[in-house]
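> Model the full structure from these sequences, guided by the hints.
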Amino acid sequence: MAERDAHRAVEAVWRIESARLIAGLVRMVRDVGLAEDLAQEALLAALEQWPQSGVPDNPGAWLMATARHRGIDRLRRARVAERKSAELGRDLELRAADLERDLAADLDDPFDDDLLRLIFTTCHPVLSADARVALTLRLLGGLTTPEIARAYLVSESTVAQRIARAKRTLRAACVPIEAPGRPELAERLASALEVIYLIFNEGYAPGAGAAVVRTELLEEALRLGRILAELLPDEPEVRFFPNSEVALPHPLALRSGSA
Amino acid sequence: MRVMVLVKASEESEAGQMPSKELLTAMGKFNEELVKAGVMLDGEGLHPSARGVRVSLSADGPPTVTDGPFAETKELVAGYWIWQVRDMDEALEWAKRIPPPGPGPAGTVELRPVFEAEDFGDELTPELREQEQRLREQLHG
Numbered sequence: 674m675a676e677r678d679a680h681r682a683v684e685a686v687w688r689i690e691s692a693r694l695i696a697g698l699v700r701m702v703r704d705v706g707l708a709e710d711l712a713q714e715a716l717l718a719a720l721e722q723w724p725q726s727g728v729p730d731n732p733g734a735w736l737m738a739t740a741r742h743r744g745i746d747r748l749r750r751a752r753v754a755e756r757k758s759a760e761l762g763r764d765l766e767l768r769a770a771d772l773e774r775d776l777a778a779d780l781d782d783p784f785d786d787d788l789l790r791l792i793f794t795t796c797h798p799v800l801s802a803d804a805r806v807a808l809t810l811r812l813l814g815g816l817t818t819p820e821i822a823r824a825y826l827v828s829e830s831t832v833a834q835r836i837a838r839a840k841r842t843l844r845a846a847c848v849p850i851e852a853p854g855r856p857e858l859a860e861r862l863a864s865a866l867e868v869i870y871l872i873f874n875e876g877y878a879p880g881a882g883a884a885v886v887r888t889e890l891l892e893e894a895l896r897l898g899r900i901l902a903e904l905l906p907d908e909p910e911v912r913f914f915p916n917s918e919v920a921l922p923h924p925l926a927l928r929s930g931s932a
Numbered sequence: 011m012r013v014m015v016l017v018k019a020s021e022e023s024e025a026g027q028m029p030s031k032e033l034l035t036a037m038g039k040f041n042e043e044l045v046k047a048g049v050m051l052d053g054e055g056l057h058p059s060a061r062g063v064r065v066s067l068s069a070d071g072p073p074t075v076t077d078g079p080f081a082e083t084k085e086l087v088a089g090y091w092i093w094q095v096r097d098m099d100e101a102l103e104w105a106k107r108i109p110p111p112g113p114g115p116a117g118t119v120e121l122r123p124v125f126e127a128e129d130f131g132d133e134l135t136p137e138l139r140e141q142e143q144r145l146r147e148q149l150h151g
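In order, the protein sequences belong to chains A and B. Letter 77 of the first sequence, counting from 1, is numbered 750 in the working numbering, and no numbers are missing. Letter 138 of the second sequence, counting from 1, is numbered 148 in the working numbering, and no numbers are missing.
Have a look at the derived ranges for each label pair, beta carbon to beta carbon:
#1 A:A846 / B:R122: 45 to 51 Å
#2 A:G727 / B:E42: 25 to 31 Å
#3 B:P110 / A:A863: 41 to 47 Å
#4 B:R122 / A:P849: 42 to 48 Å
#5 A:E910 / B:V65: 40 to 46 Å
Read the hints as simulated data drawn from the structure, not as lab findings. Even for Gly, the Cβ is constructed at its ideal location relative to N, Cα and C.
Structure below.
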């Protein structure tokens, strides 16, 4: 029973921390796929250790430190093999030191920019709409591959492939991990808002996945909209997603006689 | 799901004591985290019950009105949040991060899931659902 409670607590912490964790790691390693792997390794370590040791006082910092150490280990191993990786490894260590200072100084600010960069990366126009949606739900919504598959009534392997392909595409296109500057912002923002609307519509459409799953998508879309509005307070398009329950009508109230 | 977090009153809150600068700062930082995580929908603090009024409604007679303050301090509410979270476990993890009040007795919050239209079943007829939807659109539009 205690074991199960601890497990649930770890999962809840994961939902709260995963987007910020991955966003911070992306800054460090500049690769969405590697960042997610490292975050997942930190989650596994938490699942092993927290049931015994209890949830640490600052679980976000614990996960970040663990993921960072895994990343440094990995790149040190790679350094032996290849000079290019060695440069990456040194670079990573410098960045890790920066990150440590960031963490000590202020947990909030660097993460804001990280999160925005991650949103603009997973919603990059170089990716197909399907790929953007899957990657965004996975990295920013903290949904698992099976959860995304259930929501979209496709097989888990389809979702897994979509996500893997999206990561490869970002890597191949050398998409810089950054929030776009002024001239590009409108187009990139449109691409991000489209993702949010696609998620919302999927949750809203009658006849799609189970009601419970659709509700999750609706809520996820609204949550992402609120985050974007908070991170880009001066963009009128984003303000369309208001602070609270929305200019989009309350989705649950719209569904009459749903199962 | 939405969860209402009821912040229970204390002797200090009922006495109208304002939170310290430290607590206000910590609370501001916590609220900012909630907002940036897309979790916070709403949240307010309430004046002491001395400024409140109770109205008792009965089918047997006219409403009766009682002025505050009210007894049973610990049952009173001093503030609230509305959060949108994926489940109660997530709400619980957020709740554990609420900054504690300063020195003195512990503060208490109570987490209560908010009813959604689906929870009402057949009693909420299609007509009532439509009315509710219209009202929500007016409120938010």
